[in-house]
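Asks: Taken in order, these protein sequences are the chains called S and H. Position one of the first sequence corresponds to residue 1 (my numbering), numbered consecutively onward. Position one of the second sequence corresponds to residue 1001 (my numbering), numbered consecutively onward.
Worth flagging that the hints you see were computed from the coordinates, not collected in a lab. Predicted, not measured: the structure shown is a model, and the values here were computed from it. All residues carry an ideal CB built from backbone N, CA and C; glycine is no exception. A hint or two may mislead.
Below, computed lysine to any residue pairings styled on SDA-like, alpha-carbon distance capped at 20 angstroms [unchecked claim]:
no. : chain 1 : residue 1 : chain 2 : residue 2
1   : S       : Lys204    : H       : Thr1006
2   : S       : Lys203    : S       : Asp87
3   : H       : Lys1022   : S       : Asp87
4   : S       : Lys204    : H       : Gln1009
5   : S       : Lys186    : S       : Lys203
6   : H       : Lys1023   : S       : Ala12
7   : S       : Lys221    : S       : Ala32
8   : S       : Lys204    : H       : Glu1007
9   : S       : Lys186    : H       : Lys1023
10  : S       : Lys203    : H       : Val1013
11  : S       : Lys203    : H       : Gly1195
12  : S       : Lys197    : H       : Glu1014
13  : S       : Lys113    : S       : Ala201
14  : S       : Lys204    : H       : Lys1022
15  : H       : Lys1047   : S       : Leu193
16  : S       : Lys204    : H       : Lys1023
17  : S       : Lys209    : S       : Pro53
18  : S       : Lys203    : H       : Lys1023
So, partial list: chain H residues that the calculated Cβ filter (under 10 angstroms) puts toward chain S [stated by the list, open to error]:
no. : residue
19  : Glu1004
20  : Glu1008
21  : Ala1011
22  : Ala1016
23  : Asp1018
24  : Ile1019
25  : Lys1023
26  : Lys1026
27  : Val1027
28  : Asn1150
29  : Thr1152
30  : Gly1341
31  : Gly1342
Examples of chain H residues toward chain S, derived with CB under 10 angstroms [stated by the list, open to error]:
no. : residue
32  : Gln1010
33  : Lys1047
34  : Leu1050
35  : Gly1271
36  : Ile1275
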Amino acid sequence: MHIIVCIKQTPATANIQIDSKTGTLKREGMAAAINPFDEYGIEEAVRIKEKLPGSTISVVTMGPPQAEDALRDAISRGCDDAFHVTDRAFAGADTWATSYTLQMAIKKIAEVKNRPFDLIICGKQTNDGDTGHVGPGIAAWLNIPNAAYVGHVEEVKEGSITVRRMMEDGYDVLELPTPALISVIKEINEPRLPSLKGKLAAKKAVIPKWDAAAINADKAKIGLSGSPTIVAKSFNPPPRKGGERVEGATPEEKAKRLVARLKELKVI
Amino acid sequence: MDYELTEEQQAIVETARDIAQKKIKKVREHYDKTEEFPWEIVEELRKADLFGVYIPQEYGGLGGGAMELVLLVEELSKACGGIALCMAATALGAYPILLYGNEEQKKKYLPDIASGKRLAAFTITEPEAGSDATAAKATAKLEGNQYVLNGTKCFCSNGKAAEIYSLFFSTNPARGARGVSCFIVEKGTPGFEFGRKEEKMGIRANWTYQLEFNNCKVPKASLLGGEGRGLLIAQTTFDVSRPGVAAQALGIATGAMEEAFAYARVRRQFGQPVISFQAMQHKLAQMAMEIEAARALLYCVTRAIQKGGEDKRYTKESAMVKCFCSDVAMRVTTEAVQMCGGIGYMHDFPLEKFMRDAKITQIYEGTNEIQRNEIAMHMIKEAARAGTGKK
């Protein structure tokens, strides 16, 4: 099985700051790492490879030159080959242009490895953009089935993959014919730490860099100019105010006061 | 300090640091309290391919040597010297095979040790033979194609957890020290039982067992390096393994300093962080100096050992390294507890554990008094040799 994992290098923190003037994410001086949700994607790919001998894992990212660090990290965690899609022309891409670019790269990976892809794995979203669009977007461009919010892979075999898609009221069990795309949530696994052999392979890996021409991308569909999204305004949400404590000597008294307060607020 | 580590050595340090900081730190208190064996960490070390860093590639290792092991043990010990011992004690058990095993013995045991599939252990100590290892009473008697082992060995680190044991028995008690031989004994051999489990002051995340041998029959092929070679094997093993103890001590010292420093930066008294007081700053500076001096000596000697090859002996230098680093560890951990005051003395803060763990490094693989004896004895011998040359 040929598995392709899409990753992004993002700030290594959950506390993302937005520049209020430009509406873009503040990146300067932030330590970067693999988007945490993508780590689960890499781990799941490695687990599938361990179950199905003969499998190969390709990892791809679109990003600036320093994003190569994230690709090497992915190799140290068990990916076989890494591909870096990088070009100034890609800068400022929204989720539509990003998913277009990544699917063009995916086609190119299948071509250079001379092996069609069977499964694409993405994290459910990034910890900076937070949209969750890119995975399903790639599937749409490639016209293949996809399942988002995958919390468990039940079975992988030649020709199909069966997964659990987590829903608010439980989960759906879906069998997807391959090639297919899944985007995964953190409940799916616990990522392993890089192994020594992985670290050494990562240090030695030769990672091809592809620009827009290398992946035959249509110039009109990439980067800021190829992005239909218009960001009207972005801002940090106001911090949540502290709640209200309902005091009382006994649980019964607290319950009575709570009900009274809720009625007063016209909640019930 | 930049010690000009190779790319592989850097990768070992990075891999070990991840495990130490992300996996070991959060469980060290648990294993110290319960004295359980840290199998979950053994599994992490296995998955990360770290058990074979000092074993040649032809036996499934990475192909490094003493320096790679030192870097690994130091990094793990920064989080917990007790948990790191599962690795260091395995190396101590593996070294006799590595140094004196024949091809068959190496092929039989080293790949499993390198993959972490089986842990190893070593002990020469007996209830009546501690620093005086020549007083050992346990015997091995050749009967046909087998040796029959009898006696008691004690203070075996990795005891019961390990499956491969390098152990010393006398094949000829009449010859004293020259009658001692080294054997590889596998766990589960009939007549090989585990006696009492020791309760220890520190390194409580490692099992220390007494080993009982009662007409335990092992094949003739378990003898390492020939009859009567035991003491030489033990001494040469210690030459290369003592830097491992030194690395454990150095890791413990570094970990303790980092914890104490972090605390002193946030702890406020008299309206300011306590690290702003000169008394604290001088303690910190002293710790950092001693640690760096110890590290420089350790890396320098370990590299010389690795470069020197098998026929060159470094007994004096390896004794210096073990003695110096462990004395530094004891001083630094004691001062680290002091820097944190009452909190440093409490179980729920890691400093007192670092201090308890440091103590063993001054004792095992030869007490520091024995190390000083060795150092002085070698100096006297060298001087005598130089003197004779002049006449």
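Asks: Each hint: holds or not?
Replies: Structure-based check of each hint:
1. S:Lys204 to H:Thr1006: 13 angstroms, holds
2. S:Lys203 to S:Asp87: 23 angstroms, violated
3. H:Lys1022 to S:Asp87: Not OK: lysine 1022 of chain H and aspartate 87 of chain S at ~35 angstroms, beyond 20 angstroms, violated.
4. S:Lys204 to H:Gln1009: 14 angstroms, holds
5. S:Lys186 to S:Lys203: 27 angstroms, violated
6. H:Lys1023 to S:Ala12: This hinted pair holds, its Cα atoms lying about 19 angstroms apart.
7. S:Lys221 to S:Ala32: Since the Cα atoms of lysine 221 of chain S and alanine 32 of chain S sit roughly 27 angstroms apart, the hinted pair is violated (cutoff 20 angstroms).
8. S:Lys204 to H:Glu1007: Since the Cα atoms of lysine 204 of chain S and glutamate 1007 of chain H sit roughly 10 angstroms apart, the hinted pair holds (cutoff 20 angstroms).
9. S:Lys186 to H:Lys1023: Between lysine 186 of chain S and lysine 1023 of chain H the Cα gap is close to 18 angstroms, so the pair holds against 20 angstroms.
10. S:Lys203 to H:Val1013: Given pair lysine 203 of chain S, valine 1013 of chain H holds - Cα atoms ~14 angstroms apart, limit 20 angstroms.
11. S:Lys203 to H:Gly1195: 47 angstroms, violated
12. S:Lys197 to H:Glu1014: With a Cα-Cα distance of about 12 angstroms, the restraint between lysine 197 of chain S and glutamate 1014 of chain H holds, given a limit of 20 angstroms.
13. S:Lys113 to S:Ala201: 18 angstroms, holds
14. S:Lys204 to H:Lys1022: Cα-Cα ~25 angstroms, so violated.
15. H:Lys1047 to S:Leu193: It holds: about 9 angstroms lies between the C-alpha atoms, which stays within 20 angstroms.
16. S:Lys204 to H:Lys1023: 27 angstroms, violated
17. S:Lys209 to S:Pro53: 28 angstroms, violated
18. S:Lys203 to H:Lys1023: Between lysine 203 of chain S and lysine 1023 of chain H the Cα gap is close to 23 angstroms, so the pair fails against 20 angstroms, i.e. violated.
19. Glu1004: 16 angstroms, violated
20. Glu1008: 6 angstroms, holds
21. Ala1011: 4 angstroms, holds
22. Ala1016: Alanine 1016 of chain H check passes; min Cβ-Cβ to chain S is 9 angstroms, inside 10 angstroms.
23. Asp1018: 5 angstroms, holds
24. Ile1019: For isoleucine 1019 of chain H, the interface hint holds, since the closest Cβ of chain S sits about 6 angstroms away, which is under 10 angstroms.
25. Lys1023: 7 angstroms, holds
26. Lys1026: Result: violated, 13 angstroms to nearest chain S Cβ.
27. Val1027: Violated, about 14 angstroms.
28. Asn1150: 42 angstroms, violated
29. Thr1152: Interface hint status for threonine 1152 of chain H: violated (38 angstroms vs cutoff 10 angstroms).
30. Gly1341: 33 angstroms, violated
31. Gly1342: 33 angstroms, violated
32. Gln1010: 8 angstroms, holds
33. Lys1047: 6 angstroms, holds
34. Leu1050: This hint holds: leucine 1050 of chain H lies near chain S, its Cβ roughly 6 angstroms from the closest one there, short of 10 angstroms.
35. Gly1271: 29 angstroms, violated
36. Ile1275: This hint is violated: isoleucine 1275 of chain H lies away from chain S, its Cβ roughly 24 angstroms from the closest one there, beyond 10 angstroms.
In the structure shown, a violation is registered for the earlier hints numbered 2, 3, 5, 7, 11, 14, 16, 17, 18, 19, 26, 27, 28, 29, 30, 31, 35 and 36, in ascending order.
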